[in-house]
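Start from chain E and add chain A according to the hints.
Going down the list, the protein sequences come from chains E and A.
Using my numbering, the first residue of the first sequence is number 1, and each one after it goes up by one.
Using my numbering, the first residue of the second sequence is number 1, and each one after it goes up by one.
Rather than coming from a laboratory, the hints here were simulated on the basis of the structure.
Keep in mind it's a predicted model, so treat the numbers as computed, not measured.
The C-beta atom is built at its ideal place from N, Cα and C for all residues, glycine as well.
Heads up, some of the hints might be wrong.
[Claimed, not checked] Simulated restraints, written as ranges between beta carbons of each label pair:
| hint | chain 1 | residue 1 | chain 2 | residue 2 | range |
| --- | --- | --- | --- | --- | --- |
| 1 | A | Asp14 | E | Ser122 | 48 to 54 Å |
| 2 | A | His43 | E | Ser111 | 55 to 61 Å |
| 3 | A | Asp38 | E | Glu118 | 50 to 56 Å |
| 4 | A | Asp14 | E | Arg25 | 43 to 49 Å |
| 5 | E | Ser122 | A | Asp38 | 57 to 63 Å |
| 6 | E | Gly261 | A | Ile28 | 35 to 41 Å |
| 7 | E | Asp265 | A | Ser2 | 45 to 51 Å |
| 8 | E | Glu199 | A | Leu60 | 25 to 31 Å |
| 9 | A | Arg59 | E | Val155 | 16 to 22 Å |
| 10 | A | Arg47 | E | Cys385 | 51 to 57 Å |
| 11 | E | Leu125 | A | Asn55 | 54 to 60 Å |
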Amino acid sequence: MFGAPPAQLRTKRGHAGALVDEVDRSGLAGRGGGWFPTGRKMHAVVTAARTSRKDPFVVVNAMEGEPAASKDAVLAQHNPHLILDGAVLAAEAVGASVVHVAAHRGSRTLSILERAAEQRRSRGLDSVELRVVDAPGRYVASEESALAHFLGEGVALPMTVPPRVFESGVRRRPTLLSNAETYAHIALIARHGADWFREVGVSTAPGTTLISVSGAVGQPCVLEVPTGSSVRHILGLAGGTSGSVHGLVTGGYGGAWVAAGDVLDSPWSVDGLRPSGGVPGAGVLAVLPDDACGLAETARVVRWMAGQGAGQCGPCRFGLAAVATDMDMLAAGRFNATGLANLERRLGVIPGRGACRHPDGAVRFAGTALQVFADEVRSHLRGRCTASRRTSVLPVPASTVSLPVSRPGEEWR
Amino acid sequence: MSGYLVTIDRIACDGFGTCAQLLPERIILDEWGYPIIDPTPVHGTERHHAKRAVNTCPRLALTLQRVHELEPAKR
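Only chain E is shown next, with the shape it has when bound in the complex (with noise of 0.2 Å):
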C-alpha cells in the first residue's frame, strides 16, 4: 500500500528475516506503554519458535483502554493500511502466518480495521492471514497476557507470568504481541530503514511518537512529534494550556500525576520524565484544569480502575478497593491523619504483586496525586477543598459491571 519494503524480507521459521536487525538497529521502543525495545522482542519471538519448533504469531493490540488516550483509533482511521503493512513485514520477519488484530468490540478502530483487512484479502495483497478480532472492553483485557489468553482460548483474563507472551502466547506459541502504533512504525522502517528513523528523536528511544493531549488545553488533539519533545512544546502545539496549570496525568490512568512545574521542560521519554515522576506510557497527556480538585478526579479514575481488574489476585482486588475508598473518603473531606496513613501503607504494600501490572498502575497513580496535591490533601484533612469546579474532568467510562468477579462472566470473552 505505501509502496514495496526495501529487501526481500521474507523468512522461515527459526530464522530471523532481514527486517528483524532493522528494527533492532532502528532502536524502536514498543508505543502501548512499556517502551520495551521491539527488535529485541522480535529476536526473543524467533528464538523461541526455533527451540519450540512451534509457529509464532503475531498480534496487533489496538484495544486502546487507556480512557483518555485516542492514538490508535486516530492512526487507524488516518492510515488503517500503515499498521497492517507493519503487521504483515513484521509477520514475515518472525516467521509467522497468521496475524491477530484486535480492537475493541462495537468500535471504530475494529469497522475500520476490518474494513481495511477486507480490502487487502480482495486484492490478494498479504502472504500471510489476517484476522481482525473483537475483544472485551475492559481495562486489563488488553494486557498481553490476557490478549494472548484471549484469542487463544476466549477468555480475556490475564495469566501468570513467566511464561512470558513471546516464548508462550497464543494457543501456547511464541507471540509478538505490540501496540498498533509500534507496528505502523515497522512499516516506516521497512521502507526508509533504520538510519532514517533514528533521525528525529531521542537516542535511547528514537523516532516520532503519538501523543493523546487532554483537558484543559486550547485545542485537544492527537500530535505526532519526536520523542524528547518537551512537554511546554507539546501543550504548546495544542493550543497551550488555559489558566495556570498545577497537575498532569501523564501516561495514562496506569500513569502517574506530575506537577506541572517539575515537568514543562522535561523531555517527552522514559528518561526525560523520569525526574518528575512521569511516564510517556501509552501517549498520554492531560492537563487538569487549575479550578478542578485533583483528589476528586483521582478518586474517580482509581475507583473505576479498581473495577476494570479482572478479580484474580487478592491483593489487587481488595487492595485497590480499599484504596478506592481512602480515596473517595480525602477527596469528601471526611478523612483524617490516621486515615491517610492507611492509605499510605496500602499503596506501599499492593505494587509488585499482581500476575499483571494493573494494580502497579492504579497505585502509582493514587500515590503520585498525593505528592502532586500535597496542599490540597492538608486542606481536604481540614474538610476543606479549594477547587471551584463541580463538573469532572477525567473521561472515565460507564463500567459494565461495578465489582470484580471471581469467574469470568460474559464480559471477558
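Below, chain A alone, put in the same frame as chain E:
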C-alpha cells in the same frame, strides 16, 4: 552464591495463610490475608521450613526456585 527463592502464583493464591504460619520469618500477611514474601533467597536449614510451607499450600501457589546468583527478585 546460590539459594532458593520463594515465589508465588498470585492468581492461584486464595489467601489461606498457611504459608505465613509455617514460615513466619519470611512471610507475613497483608490486611486482606494475602502473603507478603521476603524477596531475598533462603539458605541452609531455612530451606526446609520454606519447603514445608510450599508443600502445605492448599492452592499449590508457592514454589521454591533455585537461584545461582543474587539477582533482583520478584516479590
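Okay, the hints, checked on the actual structure:
no.	hint	in the structure
1	Asp14/A x Ser122/E: 48 to 54 Å	holds, 51 Å
2	His43/A x Ser111/E: 55 to 61 Å	holds, 58 Å
3	Asp38/A x Glu118/E: 50 to 56 Å	holds, 55 Å
4	Asp14/A x Arg25/E: 43 to 49 Å	holds, 47 Å
5	Ser122/E x Asp38/A: 57 to 63 Å	holds, 60 Å
6	Gly261/E x Ile28/A: 35 to 41 Å	holds, 39 Å
7	Asp265/E x Ser2/A: 45 to 51 Å	holds, 47 Å
8	Glu199/E x Leu60/A: 25 to 31 Å	violated, 53 Å
9	Arg59/A x Val155/E: 16 to 22 Å	holds, 20 Å
10	Arg47/A x Cys385/E: 51 to 57 Å	holds, 54 Å
11	Leu125/E x Asn55/A: 54 to 60 Å	holds, 56 Å
Comparing the model with each numbered hint stated earlier shows that hint 8 is the single one that does not hold.
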